[in-house]
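Residues per chain, in single letters:
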Amino acid sequence: MAEAVQEQAYDWSEYRGVLIYVEQREGLAKPVSWQLLGQGRRLADKLDTQLFAAVIGAQVEHLAQDAVAYGADRVYICEAEELRDYRTRPYSRVMMQLIEEVKPEIVLFGATATGRDLAGAIATHLPTGLTADTTELDVEPDPSRLLLASRPAFSEKMMATILCKQYRPQMATARAGVFEALPRDNQRSGEVIRLDNRMQEEDIAAKVLDFVEDQASVNLEEAEIIVAGGRGLGGPEAFRLLGELAAAMGGEVGASRAAVDAGWIGHEHQVGQTGYTVRPKLYFAIGISGAVQHTVGMSNADCVVAINKDKDAPIFQVAHYGIVGDLFQIVPALTEEMKRRKAAGMQAMHEEGEVGA
Amino acid sequence: MLHIVVCIKQVPDSREIRIDPATNTLIRQGVPSIVNFYDLHGLEEALRIKEETGARVTVVTMGPPPAEKSLKICIGLGADEAVLVTDRGFAGADTLATSYVLAKTIEKVEQEWGKVDIVFCGKQTLDGDTGQVGPGIACRLDLEQLTYVSEVKQVNAEQRTVQVGRKLEDGIETVETRMPVLITALKELNQVRRASLPGMIRGHRYKPTVWTTADFPDLDRARIGLKGSPTIVAKTWVPEAKSVNCQWIDGEDAQAQANQLYDGLWDADLPARLGWVQGGASHG
Ligand SMILES: Cc1cc2nc3c(=O)[nH]c(=O)nc-3n(C[C@H](O)[C@H](O)[C@H](O)COP(=O)(O)OP(=O)(O)OC[C@H]3O[C@@H](n4cnc5c(N)ncnc54)[C@H](O)[C@@H]3O)c2cc1C
Ligand SMILES: Nc1ncnc2c1ncn2[C@@H]1O[C@H](COP(=O)(O)O)[C@@H](O)[C@H]1O
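The listed protein sequences correspond, in order, to chains L and Z.
Going left to right, the first sequence walks through residues 1 to 357 as the working numbering numbers them.
Going left to right, the second sequence walks through residues 1001 to 1284 as the working numbering numbers them.
Derived by calculation from the structure, the hints in this document are not laboratory data.
Worth double-checking, as some hints may not be accurate.
[Stated by the list, open to error] Covered stretches of chain L (chain Z as the covering partner; in silico rule of three or more C-beta atoms under 8 Å from a C-beta of chain Z): (1) 95 to 107; (2) 118 to 125; (3) 202 to 214.
Nothing here was measured: the structure is a model prediction, and the numbers come from that model.
Virtual Cβ for every residue (Gly too), placed ideally from N, Cα, C.
Let the hints inform the model, and build the full structure from the sequences given.
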C-alpha cells in the first residue's frame, strides 16, 4: 500500500447502483443489514442512483419487504432449501451471478464472520478491491463516483481512506453498530425480483451439522442502555451491582477488556477495539480508565456517564457527566434512585391519566 | 500422509506502535516484529494433526528477507519445511495480490512436496487486519473454506473430511466438509506450545527455501505487488479525540449525586427517549 498507480480514465457507466447484502439467520436479519441499507441510501442519493438489497436464504420472503421498508428500491431474493444455512460456495455463487447481471458500482457487507467470509470469496472471484472493517463510508459525486472507504488501522491508532479506482464494483465490509438504520417506513414501495438458485445439494461439500446459540449472548450492539464495568470493580461480585443497575434501567452489562481478561465476565460483554462497537443512548463507564482501545468502541454513545475515583482518568474526557467517587457507594444509590423514580413516573402517569379521563 | 500448509506473516506488533503527537505519524522505531499470533494458532493445530494422524507441515510466508526469522521460529516449534517468497516485485501488495502470490506458492509447494490437503491461515493479521487473504487463497485454489474456526473436531485422513466448530457472533456452528480445505484460526482454537530446546536448535540452523519471481515462470506480473493491488491508500489521519464537555456531578454523598445525575438526564429528556416513561418527560 503506497502512492497511487498511474491515473487512467475508465468508463464505468455500465456500473450503477449500490448493493447491500442482507445477512440473516433463520429468517432473522442481522441489524447491521438495516444499518448498511441506511448508509447505502445516503450514498445512493448522493450518487443519484438506486439502492439494491440481496436477500438469500430459505423462507426469507418477509425480509424483502423489510429491506424495502428500510430504504431499498429493489430487492433481489434467492430462496432455496440449499440456502437455509450460510455456506460459502452456494451463497457466493448467487452473489456472483447477481453482481454480474446487475453491475452495481458499490457492494457492501456487514463485517461479521459471514460477511467477511462471503465478501472475501467474491472479491477474489470478480476480481476487485475489498476494504475490510470500514467505519466511515462516503462517495465522491460524478464523474469519479469513488467510494471513500475509511477504516481504523494500526490497532485503531490511525484511520485510512481506501479507494479502488481500477475495478468495479467497489466493495467493503462495514462494522456493525457504526451506521444508522433509517426509521422503518412500511409505506415505501419497491420492486422484488426473484433469482434462481443454481447449485444442487450434492454439489455442496460443506454440511452444517448444528448451531448452538450462545445462551449468554448479550446484545450490546442494539442496546439502548449499557452499564459497563472495568478493573475498578475489583472482582466478579461487583458485576452483580452493575447487573442490578442495568436491570433497573432496562439495559445490558458491558465490560472493559481488563475485566474480561481477569475472567470476571464473559468476552461477549467486551466493548472496544477487540470487543463490540456500540452506540447506545446512554453508556455508564464504571471503574474504567478510558484507554483509547476502550473508547473507540463506545464514544458514539449519545450520553456517557463516567464513575471513577481518579478525577484525572481519561474516561472523563469522553464523558458528558462525571462522578468522582467510589463505585461501591454510587452504583447502589443509582439503582435505588432509579427504581424510585421509575415507580414515581408510573404513578404520575397513572394519576394524570385518571385526571384526564 | 496428510500435507498441511500454514501461511504465516511476520508483522510489527501494532499494539506497540505509538503516534508521534507532534507530527501525527507512526513511530515504528523499536516496534518488535512478531509472528502474527493467529497464524501461530494455525501452526499449532497443524502440529497437533501431525502428532495425531501423521502429517507433513510446510510453512510459507511472503515478505522481506528478515521474515526468515519467523520461519525459523515455526521450524523450532515443529514444522517440517519453510518457504520464504520474497521479491521487490511483491512489495505493496494488498489482499488480492497477496492471495495471488500465496496461491501460486502453494501450487509450487505441491509440485515440490506433494498434494496439499489442508491450508491454515490466521483469522487476520495485526497489520493488514482484513481476514481476506485466507478466503482469497481458498477461492484461487478452489479449496473448501472454513473461516473463524475455534475447534477442529475431527480430521479423517481416509475419508478426507474435516469437522470444525466455527465461532460466529451469536453462537457456534459445526460444519463438516471435504479436503482440500482452507481453515482460518481463532485464538480459541488451541494453546500455542513453546519450542523445545532441540526444536530451537533445529530452527536456528534451518535455512528456509527462498523463492523469488524468477522461480515462478508463469507468474502474471500485472497481478503482483502494488500494480496488482486494486486498493489504494489515499489518505491516513489520526482521529481526534472527540472533545466532550464533562459536567461534574459533585453532590456531597452518593444519594445527592444520584439525584443530581438523574435530574440532568431527566432534563435532557432521556426517560422518554429511553422508554422509561411514555411521551414527554414531565420532571423539571
Ligand atoms: C490490541 C489491544 C486491543 C484492546 N482492545 C480492548 C477492547 O476492545 N476493549 C477494552 O476495554 N480494552 C481493550 N484493550 C485494553 C485497554 O488498552 C486497557 O488496558 C483496558 O481498557 C483497561 O481496562 P480498565 O479501564 O477496566 O482498567 P484500568 O485501566 O486498570 O482502569 C480501572 C479504573 O478503575 C478506577 N477505579 C478503581 N477502583 C475504583 C472504585 N472503587 N470506584 C471507582 N473507580 C475505581 C481506577 O481509577 C481506574 O481508572 C486493548 C489493548 C490492546 C493492546
Ligand atoms: N504475506 C503473507 N504471507 C503469508 N501469509 C499471509 C500473508 N498475509 C496474510 N497471510 C495469511 O492470511 C491471514 C489473513 O491475513 P489478512 O487478510 O492480512 O488479515 C493471515 O493470518 C495469514 O495466515
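Right, here's what the structure says about each hint:
Judged by the Cβ-Cβ criterion of 8 Å, the segment 95 to 107 of chain L is not covered by chain Z as claimed, because only 0 of its residues qualify and three are needed. For the segment 118 to 125 of chain L, the stated coverage by chain Z holds: 6 residues have a C-beta nearer than 8 Å to a C-beta of that chain, and at least 3 were required. A stretch counts as covered by a chain when three or more of its residues have a beta carbon under 8 Å from one of that chain; for the segment 202 to 214 of chain L and chain Z the count is 10, and the coverage holds.
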